[in-house]
Amino acid sequence: MGIRIIKAGMLTTVQDLGRTGYQAQGFNVAGVMDVRSFKIANLLVDNPENEPVLEFTLIGPTLEFTADTIIAITGGNFNPTINGVPAAMYTAIYMHKGDVLKFGSAETGSRGYVSFSSYLKVPNVMGSRCTNMKSSIGGFKGRKLRNEDYISFRIKRRYLPFFLSRHLEPDNFDHDHITLRVVMGPQDSAFTRDGIDTFLNSEYTITNEFDRMGCRLDGPFITSKNGSDIISDGICFGSIQVPSHGKPIILLADRQTTGGYAKIATVCSVDIPKLVQSKTDTKVHFKAITVQEAQHLLLAEESEMSAMRAAIHKPCKEVLECRLTAKRVRSLFE
Amino acid sequence: MQDYKILVAGDSSVLIQFEQKIDPLINRRVAATVQLIREQHIPGLVDMIPTYCSLLINYDPRVILYDALVERLSQLMKMEIAADSGRKRVFEIPVCYGGELGPDLQIVADHANLSPEEVIRIHTSTDYLIYMLGFLPGFTYLGGLDEQIHTPRLPNPRLLIPAGSVGIGGSQTGIYPLDSPGGWNLIGRTPVKTYDPNRAVPILVEAGDYIRFVSIDRAEYDRILDLIERGEYTVPVHEKEA
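Note that the protein sequences, when read in sequence, are chains A and B.
Residue numbering for the first sequence follows the working numbering, starting at 1 and increasing by one per position.
Residue numbering for the second sequence follows the working numbering, starting at 1 and increasing by one per position.
Don't read these hints as lab results, they were simulated from the structure.
Mixed in with the good hints there might be a few duds.
Listed below are the simulated DSS-like cross-link pairs for lysine-lysine, each with C-alpha atoms no more than 30 Å apart in a straight line [to be verified]:
| id | chain 1 | residue 1 | chain 2 | residue 2 |
| --- | --- | --- | --- | --- |
| 1 | A | Lys247 | A | Lys287 |
| 2 | A | Lys225 | B | Lys5 |
| 3 | A | Lys225 | B | Lys21 |
| 4 | A | Lys283 | A | Lys225 |
| 5 | A | Lys327 | A | Lys7 |
| 6 | B | Lys240 | B | Lys21 |
| 7 | A | Lys156 | A | Lys247 |
| 8 | B | Lys5 | A | Lys287 |
| 9 | A | Lys121 | A | Lys134 |
| 10 | A | Lys156 | A | Lys225 |
| 11 | B | Lys5 | A | Lys247 |
| 12 | A | Lys102 | A | Lys141 |
| 13 | B | Lys88 | B | Lys240 |
| 14 | A | Lys7 | A | Lys141 |
| 15 | B | Lys88 | A | Lys247 |
With the hints as constraints, model all of the structure from the sequences given.
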């Protein structure tokens, strides 16, 4: 009992927050690209914070359910339909056995997420269920999903309290210009004053070299003092390295653990979703903030998540609006 | 005098940077610092990436904030890190050199103007320090390859190198942990799985350990391979005074 992949889409993988604890041994973390959309998807169906979901990119999958379960769809808008009828996003949805959930291509954003209250049955490998495609481990057989794959559920969970309250305002990813807040360093001292001014005051453009590993930007040349090669050191999610070609590369979920180029700055955790939901040709500006400010933003987002959790755990006021209630309750009886 | 810097690496990591130099002593400080931090069980610490002469620490700012972590690390760094006992693990990795398992042994020998036997003798006569792991799971950056057998990379990288292959690329030598593309000269192969995701310890070695290659013949290679498949083989490890 689970989901059958009728069409796999462009790049659909099972992901959680990634496999940490083994980077010292060369093991890259992988995990979801857009942590915020991932967390909201799990929150809507009362899953544990790190429960694996499906992440899909630019062209979404078509899934057939072979058992009843509850799902939530977040991230970019891929115009999801259930049996041909438009489906709500950022909402808990009851799925019946035989239902077909179909995603189109990304109208806004570039990555979508779907969570399952019955949990995807994929093995826990070294503390995580995420797919690491480079090492071919974790997730579903260590690879992206293909047509006709079948993933079972781990448990039966078809009831959630306050079902009618379980919807949130979708995040908006419809931007052709974004500002990424960054914390300067660790190797900003490898660049000239002019180089840093250029980095912080210019417009960069996302190129088509943009995948789960990283995002190359095009724009004005960032000058270094004595070349940008360093003795290899560790890389984190959002590290911005500037090789000798002088253009920034932002390293993302599938980044390698170590690298030999100077890193001018690191994108703040709360701004990474904006970046990974962007498309080629999006314009990017960088704005420097302090590490304390960046951590304050992260804690504020954490409080926002708690508020969301509280909002979906109380009786629904809209019950008084009969038409809306009827619409949402209908699927339960069909 | 303080010989390290703690640098900001975004809102969820800090970088401890020692003197930026590839040097066994500095690298041992990195390994000792990892050990020291591990023993402290600092809440919120997520992962550590030790490299040649730096240590990247990933942490969860929901548990510990930057200022508190830096304070804690600065206190720790005052402790005498040279207290590292100096006892080092040496993993003995059996390698079947030459033949179909090491098709480029002759290239290395020709380049060095040596016989294949001499290349094997030189390659097996050093304890190689593992400076760091990276690039692929379990891929070791080893120091100490004898200059006599330094050999340029192949002009055309191979698309698929089988896991366990032992190669020489420029001044470096190492073991391919997974099937992967690569441009190193392959001089032999080990039956040992340096990386096995299904094992309790998926990756055999750590930065700071040493590797010693031991020459075996094809029959021994097949015998060890068979033992490994039945789960009855353990890589010999001995300790040495550094």
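These are the hints, each one checked on the structure:
As the CA atoms of Lys247 (chain A) and Lys287 (chain A) are separated by approximately 16 Å, the hinted pair is consistent with the 30 Å bound. The straight-line distance between the Cα atoms of Lys225 (chain A) and Lys5 (chain B) is roughly 20 Å, inside the 30 Å bound, and the hint therefore holds. A distance of roughly 18 Å separates the Cα atoms of Lys225 (chain A) and Lys21 (chain B); the hinted pair therefore holds under the 30 Å criterion. The hinted pair formed by Lys283 (chain A) and Lys225 (chain A) meets the criterion: a straight-line CA distance of about 27 Å does not exceed 30 Å.
Simply put, Lys327 (chain A) and Lys7 (chain A) have alpha-carbon atoms about 29 Å apart, close enough for the 30 Å limit, and the pair holds. About 25 Å separates the Cα atoms of Lys240 (chain B) and Lys21 (chain B), which keeps this hinted pair within 30 Å; it holds. For the hint pairing Lys156 (chain A) with Lys247 (chain A), the CA-to-CA distance comes to about 50 Å; that exceeds 30 Å, so the pair is violated. Only pairs whose Cα atoms come within 30 Å are accepted, and Lys5 (chain B) paired with Lys287 (chain A) is accepted, the gap being roughly 25 Å.
For the proposed pair Lys121 (chain A) and Lys134 (chain A), the alpha carbon gap of about 21 Å is at most 30 Å, so the pair holds. A hinted pair counts as satisfied when its Cα atoms are at most 30 Å apart, and Lys156 (chain A) with Lys225 (chain A) does not qualify at roughly 60 Å. Our distance criterion of 30 Å between C-alpha atoms is met by Lys5 (chain B) and Lys247 (chain A), whose separation comes to about 27 Å. Among the hinted pairs, Lys102 (chain A) with Lys141 (chain A) is consistent with the structure: their alpha-carbon atoms are about 23 Å apart, no more than 30 Å.
A C-alpha spacing of about 5 Å is found between Lys88 (chain B) and Lys240 (chain B), which places the hinted pair at or below 30 Å, so the restraint holds. For a cut-off of 30 Å, the pair hint linking Lys7 (chain A) to Lys141 (chain A) stands: about 17 Å separates their Cα positions. Among the hinted pairs, Lys88 (chain B) with Lys247 (chain A) is inconsistent with the structure: their alpha-carbon atoms are about 42 Å apart, more than 30 Å.
Consistency with the previously given hints fails for numbers 7, 10, 15, ordered from lowest to highest.
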